[in-house]
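Q: I would like the entire structure built from these sequences, with the hints used as guidance.
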Amino acid sequence: MNIGLPIVAKDPTAQFELHKLAQLKIGNLDLSFTNSALMMLVSLACIALWFLLSSKKELIPGRAQSVLELSYEFIADMLQSSTGKEGMRFFPLVFSIFAFILFANMLGMIPFFFTTTSHIIVTFALAMIVMCVVIGFGVWKNGFGFLKLFWPAGIPIAIKPFVSLLEVISFISRPISLSVRLWANMFAGHILLKLFAGFAISMFAAGGLTAVGSIVPFGLTLALIPLEFLVAFVQAYVFALLTSVYLSDALHPGHH
Amino acid sequence: MTDPEGRAKLHSKPTDIDELGRKLDIINAKRKPDAEPVQASASNMAEGLKYASEFSAAVLVGAALGWGVDKLAGTSPFGLLGGLFLGLCAGIMNVVRAAKEGMDGSGEDLPPDELYEDEDA
Chain L
1 MNIGLPIVAK
11 DPTAQFELHK
21 LAQLKIGNLD
31 LSFTNSALMM
41 LVSLACIALW
51 FLLSSKKELI
61 PGRAQSVLEL
71 SYEFIADMLQ
81 SSTGKEGMRF
91 FPLVFSIFAF
101 ILFANMLGMI
111 PFFFTTTSHI
121 IVTFALAMIV
131 MCVVIGFGVW
141 KNGFGFLKLF
151 WPAGIPIAIK
161 PFVSLLEVIS
171 FISRPISLSV
181 RLWANMFAGH
191 ILLKLFAGFA
201 ISMFAAGGLT
211 AVGSIVPFGL
221 TLALIPLEFL
231 VAFVQAYVFA
241 LLTSVYLSDA
251 LHPGHH
Chain A
1001 MTDPEGRAKL
1011 HSKPTDIDEL
1021 GRKLDIINAK
1031 RKPDAEPVQA
1041 SASNMAEGLK
1051 YASEFSAAVL
1061 VGAALGWGVD
1071 KLAGTSPFGL
1081 LGGLFLGLCA
1091 GIMNVVRAAK
1101 EGMDGSGEDL
1111 PPDELYEDED
1121 A
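Taken in sequence, the protein lines are chains L and A. The first sequence begins at 1 in my numbering and counts up one residue at a time. The second sequence begins at 1001 in my numbering and counts up one residue at a time.
Just so you know, the hints here were simulated from the structure itself, not pulled from any lab data. Please note: incorrect hints may appear among the correct ones.
[As the list claims (entries may be wrong)] Using 30 Å as the maximum straight-line C-alpha spacing, the simulated DSSO-like pairs for lysine-lysine come out as follows:
no., chain 1, residue 1, chain 2, residue 2
1, A, K1100, L, K85
2, L, K148, L, K85
3, L, K160, A, K1023
4, L, K20, L, K141
5, L, K148, A, K1071
6, A, K1100, L, K160
7, A, K1071, L, K141
8, L, K56, L, K85
9, L, K85, L, K20
10, L, K160, L, K141
11, A, K1100, L, K148
12, L, K85, L, K57
[Stated by the list, open to error] Covered stretches of chain L, going by a simulated chain A footprint (3 or more residues, C-beta under 8 Å):
no., segment
13, 134 to 144
14, 179 to 185
In this text, a Cβ means the ideal position worked out from N, Cα and C, and glycines have one as well.
A: This is the structure in structure tokens:
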């Protein structure tokens, strides 16, 4: 079991490779258990552990409970400010998405850990969950009134059909931009980290004056790591925020 | 042995509480400029990716819709062309909307606190 450090260090995309940990095939469907699935389970386990640790409901909260209360208020405030009081029925969805993305991103920052959210299909699935809820709830609550979303008010009737066509395209593009944003941030950040770290290693290995110069990529790597932690948090927050903005469209269409 | 002694000394000196206050002031002064440059540069990349994804997603969707119309109606190049044009328009609309909404649309540039509300006004 040689990991082959030089190869890993030089190939910045090797970290995104999927490995099958257990084969599972149903018909033509390949449902193998991969490292990505393992990391998803690990993040779920971490969230469950976090909740368990803070389930004592003490009056004076411990560390885990305090963090959980803070994040509850953080997400609840965000949801209420963008959807109003009735948006709180979506709190479980928004908080789950936030917690899952946050833990997946943060766990991805640990060396040799796979980053689930660096695969666009994962982020796209998350975005599609959000859009399905938006469309499903919007149609269930407003009926055909949901279509007001595509029929903006306060626009001359002559260009209204054109603008509503644009609104439709814009609406369809939402899950794509939502998923691409999270994916691109994680993907680009991890490649950047790996590249600079790889430079540092190969420059140091070259010896001589180059080895002295390797301090530059090493310093950049050091500077990038806290930045990546910040991005990991900010992107989870942005995803949850956009989720609640889209949910407010489902609650009150035609409020553009 | 030293612990009760130290505590006794601490109480006996009248200036100790002032000393502690001064120390706390120094620590507070040190803590204030905290991680602001990092946040700025992090949101720069996130900001760029935000507009890029908003724009390109709309163009992709428009082109895909146009291509689909072509496939269904057999109007070979024109559906794709029209779809691309519509996608461009929708992309620009997305970008303008994202820039206008700013904080409620994306939020990476500001924390959601009421602390910053006065900046908007």
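Q: Each hint needs a verdict: does it hold in this structure or not?
A: Verification of the hints:
1. Of the supplied pair hints, the one linking A:K1100 and L:K85 holds, its CA atoms being roughly 24 Å apart against a limit of 30 Å.
2. Note on L:K148 and L:K85: the hinted pairing holds, with a Cα-Cα distance of about 22 Å set against a maximum of 30 Å.
3. At most 30 Å may separate the alpha-carbon atoms for a hinted pair to count; L:K160 and A:K1023 exceed this at roughly 65 Å.
4. With a C-alpha separation of about 43 Å, the suggested pairing of L:K20 with L:K141 is violated against the 30 Å cut-off.
5. In summary, the hint linking L:K148 to A:K1071 is supported, as the alpha carbons are separated by about 29 Å, within the 30 Å threshold.
6. In summary, the hint linking A:K1100 to L:K160 is supported, as the alpha carbons are separated by about 21 Å, within the 30 Å threshold.
7. For the given pair, A:K1071 sits about 35 Å from L:K141 by alpha-carbon distance, which is inconsistent with the 30 Å threshold.
8. Restraint check for L:K56 and L:K85: satisfied, since their Cα atoms lie roughly 28 Å apart, inside the 30 Å limit.
9. The suggested pairing of L:K85 with L:K20 is violated, with an alpha-carbon distance near 45 Å, which exceeds 30 Å.
10. Straight-line distance between C-alpha atoms of L:K160 and L:K141 comes to about 25 Å, which keeps the hinted pair within the 30 Å bound.
11. With a C-alpha separation of about 21 Å, the suggested pair A:K1100 and L:K148 falls inside the 30 Å cut-off, and the hint holds.
12. A distance of roughly 25 Å separates the Cα atoms of L:K85 and L:K57; the hinted pair therefore holds under the 30 Å criterion.
13. Counting residues of the segment 134 to 144 of chain L whose beta-carbon sits less than 8 Å from any beta-carbon of chain A gives 0, not enough to reach three: the coverage restraint is violated.
14. Counting residues of the segment 179 to 185 of chain L whose beta carbon lies closer than 8 Å to any beta carbon of chain A gives 4, which reaches the threshold of three, so the coverage claim holds.
Hints 3, 4, 7, 9, 13 from the list above are not met by this structure, while the remaining hints are.
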